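There are 2 protein chains.
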Amino acid sequence: MPKEPKQLDELFHEGLKDLYFAEKKILAALPKMAKAANSEDLAGAFEQHEEQTEEHVKRLEQVFKIIEETPRGKNCPAIVGIIDEGEEIIKEYKNSPALDAGLVGAAQAVEHYEISRYGTLRAWAQELELDEAVSLLQETLEEEKETDSKLTELAEEVVNQEAEAV
Amino acid sequence: MPKEPKQLDELFHEGLKDLYFAEKKILAALPKMAKAANSEDLAGAFEQHEEQTEEHVKRLEQVFKIIEETPRGKNCPAIVGIIDEGEEIIKEYKNSPALDAGLVGAAQAVEHYEISRYGTLRAWAQELELDEAVSLLQETLEEEKETDSKLTELAEEVVNQEAEAV
Numbered sequence: 001m002p003k004e005p006k007q008l009d010e011l012f013h014e015g016l017k018d019l020y021f022a023e024k025k026i027l028a029a030l031p032k033m034a035k036a037a038n039s040e041d042l043a044g045a046f047e048q049h050e051e052q053t054e055e056h057v058k059r060l061e062q063v064f065k066i067i068e069e070t071p072r073g074k075n076c077p078a079i080v081g082i083i084d085e086g087e088e089i090i091k092e093y094k095n096s097p098a099l100d101a102g103l104v105g106a107a108q109a110v111e112h113y114e115i116s117r118y119g120t121l122r123a124w125a126q127e128l129e130l131d132e133a134v135s136l137l138q139e140t141l142e143e144e145k146e147t148d149s150k151l152t153e154l155a156e157e158v159v160n161q162e163a164e165a166v
Numbered sequence: 001m002p003k004e005p006k007q008l009d010e011l012f013h014e015g016l017k018d019l020y021f022a023e024k025k026i027l028a029a030l031p032k033m034a035k036a037a038n039s040e041d042l043a044g045a046f047e048q049h050e051e052q053t054e055e056h057v058k059r060l061e062q063v064f065k066i067i068e069e070t071p072r073g074k075n076c077p078a079i080v081g082i083i084d085e086g087e088e089i090i091k092e093y094k095n096s097p098a099l100d101a102g103l104v105g106a107a108q109a110v111e112h113y114e115i116s117r118y119g120t121l122r123a124w125a126q127e128l129e130l131d132e133a134v135s136l137l138q139e140t141l142e143e144e145k146e147t148d149s150k151l152t153e154l155a156e157e158v159v160n161q162e163a164e165a166v
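So the protein lines, in turn, are chains L and F.
Under our numbering, think of the first position of the first sequence as 1, with each following residue one higher.
Under our numbering, think of the first position of the second sequence as 1, with each following residue one higher.
Hints listed in this document are in silico derivations from the structure and should not be mistaken for laboratory results.
Mixed in with the good hints, there may be bad ones.
Same chains, same label: a pair holds when it works inside one copy or across any pair of copies.
[Unchecked claim] Straight-line C-alpha distance at most 27 angstroms; calculated BS3-like pairs for lysine-lysine: (1) 91 x 25; (2) 6 x 150; (3) 74 x 17; (4) 32 x 150.
As the structure is a computational prediction, the values presented were derived from the model and not from experiment.
Isolated chain L, as found in the complex:
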């Protein structure tokens, strides 16, 4: 018997697993980024975002519950690649005044990945009429956008000047 073509609800479930894996990877990476940062403000921003990310993981677990699925991650090569690039920067720019500029760049790549994925999942949830899931995804989407804006400010105000100061 030929398999039924996959539908939007499956795409939504796959996307959710991808993002669940990504958030957990990010949760593991943030303390390393906070430890590496030269600027206290930047370290503080990473620490604050770690707390938020714990909340994001819980919200995704609520969305799994809404669609009656067990929370489970699925290997997401995109976020693995983005985080690996960040770790490479930590290694290669250790002791460099440009380290913080590199860390902000890496963190913004992470934020934009999440912004695109949460935006997509929210649109699919809307189409699937999963209203509670739409609210949960929207809440996290807004926090990711705020984090991205904060990183832009930090980059402009502090980090790039430090990188040039030597």
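Using the hints, position chain F against chain L.
Below, chain F alone, put in the same frame as chain L:
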């Protein structure tokens, strides 16, 4: 003799190589996405973006020239991962009405990766007082943002409805 710590100009050069590699990968992926898309509007959007991407590659080559470096890419695992996820969607959702929704999601992940990288490079170029590079990077950044907005419209207007139509 200990090596000098790396500086912002090196970070900029590394970022440029990363993005040059990414744009070329995207250029190779776009025709496959256009061919796979069910919606003519979506296929058209991918084709139009392919033309823009050729321009983006040329602009990056101009930036290499400004910093007196040879245009050369550097393996960027992040974009490889993002594009692999898109190709997986093409394979798994072939013949599914949800395919286009998946393609838009994959394309928006690409756009957001580029938005973050161009934003970062533009900020660094500004700090390094590379005014001409700032303009070139800004121009592409705006086109990537426009493409992302167009994809959001396409997703809302056409794609998700098709996905639900079966």
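### Task
Return the numbers of the hints above that this structure violates; sort them in rising order.
none
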